[in-house]
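Visitor: Under our numbering, the first residue of the sequence shown is numbered 137, with each subsequent residue one higher.
Source of the hints: derived by calculation from the structure; they are not laboratory data. Quick caveat: nothing in here was measured; it's all calculated off a predicted structure. Please note that the accuracy of each hint is not assured.
[Unchecked claim] Here are the computed lysine to aspartate or glutamate pairs in the DMTMM-like style, where the Cα-Cα straight-line distance is at most 25 Å:
id : residue 1 : residue 2
1  : 844       : 824
2  : 821       : 861
3  : 655       : 600
4  : 216       : 240
5  : 804       : 751
6  : 862       : 824
7  : 713       : 679
8  : 216       : 179
9  : 768       : 751
10 : 216       : 163
11 : 818       : 843
[What the hints assert, rightly or not] Cβ pair distances, simulated, as ranges:
id : residue 1 : residue 2 : range
12 : 512       : 253       : 23 to 33 Å
13 : 253       : 222       : 46 to 56 Å
14 : 448       : 385       : 45 to 55 Å
15 : 209       : 403       : 18 to 28 Å
16 : 669       : 262       : 30 to 40 Å
17 : 669       : 253       : 24 to 34 Å
Glycine included, each C-beta is placed from N, C-alpha and C at the ideal position.
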Amino acid sequence: MLIGKRCLSILFALLTIALPTLAVQPDFNAIDPPGVQRGVETELTLGGRRLGDVQELMFYEDGVEVVSLAADGDNKVVAKLKVAPDARLGFHGVRIRTESGISDLRLFSVGALPQVAEAEPNNDFAAPQEIALDTTVYGVVQSEDVDHYVVQAKQGQRITAELEGLRLGNAFFDPYLAILNEKRFELARSDDIALLRQDCLCSIIAPEDGKYIVQVRESAYGGDGNSKYCLHVGTFPRPKAVVPAGGKPGETVEVTWIGDAAGERKQQVTIPAVEGNEADLYAEDEQGIAPSGNGIRVNDLANTIEAEPNNNTKEATAATAPGAFNGVIGEPDDRDYFKFTAKKGERYDVRVFARNVLRSPLDAVLVIRNAQGGNVANNDDSGSPDSYTQFNVPADGEYFVEIRDHLKCAGPEYAYLVEIAPREPSLSLSLPERQRYIATTLSVPSGNRMALMLNARRQNFGGDLNISFEGLPAGMTAEVLPMPANRNEVPVLFTAAADAAPSGKLVDVQGRPVDENVKVAGHLEQRTMLIRGQNNRDVYGHDARRMAAAVTKAVPFKLEIVQPKAPLVRNGQMQLKVVATRDEGFTAPIALRMLYNPPGIGSSGSVSIPEGKNEAVIPVTANENAAIGTWKIIVTGSAPHAGGRVEVASQMADLEVADMFFNLAIGKTAVEQGQETQLVVKIEKARDFEGEAEIQLLGLPNGATTEKLKITKDTTEVVFPIKTEKDARVGRHKSIL
137 MLIGKRCLSI
147 LFALLTIALP
157 TLAVQPDFNA
167 IDPPGVQRGV
177 ETELTLGGRR
187 LGDVQELMFY
197 EDGVEVVSLA
207 ADGDNKVVAK
217 LKVAPDARLG
227 FHGVRIRTES
237 GISDLRLFSV
247 GALPQVAEAE
257 PNNDFAAPQE
267 IALDTTVYGV
277 VQSEDVDHYV
287 VQAKQGQRIT
297 AELEGLRLGN
307 AFFDPYLAIL
317 NEKRFELARS
327 DDIALLRQDC
337 LCSIIAPEDG
347 KYIVQVRESA
357 YGGDGNSKYC
367 LHVGTFPRPK
377 AVVPAGGKPG
387 ETVEVTWIGD
397 AAGERKQQVT
407 IPAVEGNEAD
417 LYAEDEQGIA
427 PSGNGIRVND
437 LANTIEAEPN
447 NNTKEATAAT
457 APGAFNGVIG
467 EPDDRDYFKF
477 TAKKGERYDV
487 RVFARNVLRS
497 PLDAVLVIRN
507 AQGGNVANND
517 DSGSPDSYTQ
527 FNVPADGEYF
537 VEIRDHLKCA
547 GPEYAYLVEI
557 APREPSLSLS
567 LPERQRYIAT
577 TLSVPSGNRM
587 ALMLNARRQN
597 FGGDLNISFE
607 GLPAGMTAEV
617 LPMPANRNEV
627 PVLFTAAADA
637 APSGKLVDVQ
647 GRPVDENVKV
657 AGHLEQRTML
667 IRGQNNRDVY
677 GHDARRMAAA
687 VTKAVPFKLE
697 IVQPKAPLVR
707 NGQMQLKVVA
717 TRDEGFTAPI
727 ALRMLYNPPG
737 IGSSGSVSIP
747 EGKNEAVIPV
757 TANENAAIGT
767 WKIIVTGSAP
777 HAGGRVEVAS
787 QMADLEVADM
797 FFNLAIGKTA
807 VEQGQETQLV
817 VKIEKARDFE
827 GEAEIQLLGL
837 PNGATTEKLK
847 ITKDTTEVVF
857 PIKTEKDARV
867 GRHKSIL
């Protein structure tokens with residue numbers, strides 16, 4: 137180890153260092169067709185690379201059964217899927233698992249209508265493709281392509297066209313949709329509706345018997361082979377909002393569907409019991425069911441629906457807190473008020489749901505007022521982009537919630553839900569990205585190890601956490617450490633038995649406080665970014681609550697850390713030795729890195745075990761504020777194999793970080809070229825040690841030399857003899873340590 141007064145600045149290895157692409161993992165980039173009909177069997181072609189050893193499709197939701205699965209070469213998989221009659225409509229996430237790993241996630245659409253494929257040419261308005269009402273068409277928009285479909289309708293019949301384009305997650309596809317009559321008069325058009333993200337919705341009541349043309353294109357006449365779509369055309373309902381926008385799980389409530397071409401409609405619905413607090417309600421009548429749902433909140437709060445007029449405090453709708461307040465900003469410059477009573481000292485989280493969950497266009501501004509109308513709390517956009525504030529009740533009395541649109545916009549789809557809930561503990565878990573913009577999955581080779589970091593986000597509580605992984609693949613185990621109260625991350629080591637066969641599972645990751653009196657449980661919340669906008673902004677993606685994990689086929693090397701015998705001291709360094717065990721004939725270099733660095737510790741991220749060699753050392757340094765204690769460390773290593781790269785982890789080893797043994801004060805000296813001098817170093821003992829220590833002077837200029845010296849715990853000063861050559865480098869040298 138090296139001990140000094142002030143080491144030069146330490147360059148810390150970032151935890152987010154991008155790893156080489158793990159190319160043995162399957163690459164999954166296309167689904168054709170992009171949708172299936174529930175209740176029937178459909179054959180899909182899945183495109184990509186490294187798919188020849190396909191074993192399984194991993195679905196994040198129930199309702200889809202694989203009837204057959206076979207590779208067609210290395211770049212194609214043919215799958216026959218049977219979709220249950222009650223499978224959830226909308227988008228389902230799927231990954232391909234091969235013997236070598238797990239692919240990225242892709243989406244496919246589950247619909248209720250019979251499907252047909254686009255038949256080119258259909259670019260000419262005068263020669264559109266004929267389809268029946270209540271049909272789903274899957275197609276693609278190429279550059280400057282305009283697709284036309286024609287349906288027959290009766291006067292008074294509802295014609296609804298909903299398009300899934302960007303939501304399929306294939307490309308930044310900005311679709312445009314219109315319904316025209318035979319005279320080419322545009323009856324409805326749509327380019328971006330908040331309810332459908334950046335996709336489109338047109339719905340009309342047919343003014344007369346006749347033909348109606350549905351037009352699809354890219355909004356700027358762009359497009360390419362990735363601009364695929366599912367177009368649902370039928371007589372089904374398509375409301376733009378639902379009030380109330382939430383309820384208790386399993387509760388039957390009367391909701392009002394708003395914004396449908398046929399007018400408002402009330403319906404009794406059952407609030408689904410789901411994991412988490414978000415779900416979809418699907419509008420349904422005798423004409424059919426909407427292709428996608430309206431987002432709602434699921435919780436145990438009582439709902440209050442606004443009673444107009446409620447545009448000021450005198451007309452405020454009476455409500456209770458805790459509770460959920462529901463309404464619509466229906467007129468320009470509309471302001472909705474709710475009143476409730478609260479007691480001094482009560483602490484509430486007040487959160488608006490509009491853009492988030494409900495997918496309402498409302499840009500909410502939230503104000504909480506006291507009985508005199510004074511502003512006691514307000515917010516605009518802390519909920520990204522919805523509003524959120526904490527409300528600590530200052531006195532017993534009556535209070536008001538005011539909600540409005542920031543730009544004074546309004547309409548039947550400008551729905552909202554305001555939750556006033558007691559501030560309670562909450563916990564969520566996440567897996568940090570190991571490759572930028574790629575959601576983390578876990579692949580553990582048979583007979584080997586792999587490791588991940590797990591993050592936790594605590595709110596309104598503290599303390600240590602216990603972490604568990606429920607439902608790991610057969611033969612895989614996890615070595616998990618409790619997460620200390622002062623940390624929000626912990627390493628996890630996974631091991632696959634030597635006889636474990638390749639298999640995969642979607643694993644429930646759970647976190648709970650060690651203190652059983654704190655009643656909160658956390659689960660994984662993983663975002664897969666499918667569409668990124670300018671500056672890599674998350675435009676659209678998939679949210680999962682389980683981790684994709686797999687045992688994969690064996691790889692030809694293992695890693696082991698040689699347990700350090702001495703501590704790493706503050707302002708010191710050590711050489712951490714890592715040893716590889718190679719299969720016979722495997723000689724490739726192995727790139728090493730620490731899985732993470734404990735606080736105040738830095739490590740090199742550019743160390744490799746050379747080709748044909750079995751060991752290397754990773755320089756590890758500690759700054760003057762390094763966290764004292766024993767830390768569990770793991771080293772990962774990646775190497776080229778089977779045409780790509782594979783990665784494994786070492787065991788968990790102990791890294792003891794200790795305080796410095798000495799404080800050192802380096803004196804000053806000067807010497808002429810070719811002469812000798814002495815440099816005095818004052819030693820202040822910080823703690824005792826046994827035996828002798830070695831002290832070495834580093835950073836001398838070229839042409840200057842000295843020797844190592846020995847000291848004991850009682851040494852207070854050492855004198856280094858320095859010799860210089862006649863051509864020693866002249867000048868002041870501040871690099872001595």
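Visitor: So, for every hint listed, does it hold in this structure?
Guide: Comparing the hints with the structure gives:
Distance check on the hinted pair: residue 844 and residue 824 sit about 21 Å apart at the alpha-carbon level, within 25 Å; holds. With a C-alpha separation of about 34 Å, the suggested pairing of residue 821 with residue 861 is violated against the 25 Å cut-off. As the CA atoms of residue 655 and residue 600 are separated by approximately 13 Å, the hinted pair is consistent with the 25 Å bound. Distance restraint check for residue 216 and residue 240: the Cα-Cα separation of roughly 20 Å lies within the 25 Å cut-off, and the hinted pair is therefore satisfied.
The hinted pair formed by residue 804 and residue 751 fails the criterion: a straight-line CA distance of about 41 Å is larger than 25 Å. Annotation: proposed proximity of residue 862 to residue 824 is violated, straight-line Cα distance about 42 Å (limit 25 Å). Restraint check for residue 713 and residue 679: not satisfied, since their Cα atoms lie roughly 40 Å apart, outside the 25 Å limit. This hinted pair checks out: residue 216 and residue 179 have alpha carbons roughly 4 Å apart, not beyond 25 Å.
Between residue 768 and residue 751 the CA atoms are separated by roughly 21 Å; this keeps the pair inside 25 Å, and the hint holds. At roughly 20 Å between alpha-carbon atoms, residue 216 and residue 163 fall within 25 Å of each other, so this suggested pair holds. Taking the CA atoms of residue 818 and residue 843, the gap is near 17 Å; set against the 25 Å cutoff, the hint holds. Checked against the hint of 23 to 33 Å, the pair residue 512 and residue 253 fails, with Cβ atoms roughly 59 Å apart.
Between residue 253 and residue 222, the C-beta spacing of about 26 Å breaks the proposed range 46 to 56 Å. Between residue 448 and residue 385 the C-beta distance comes to about 35 Å, which lies outside the given range of 45 to 55 Å. At about 50 Å, the CB distance of residue 209 to residue 403 disagrees with the hint of 18 to 28 Å. For the pair residue 669 and residue 262, the supplied restraint of 30 to 40 Å holds, since their beta-carbon distance comes to about 37 Å.
Remark: the range hint 24 to 34 Å for residue 669 to residue 253 is upheld by a beta-carbon distance near 30 Å.
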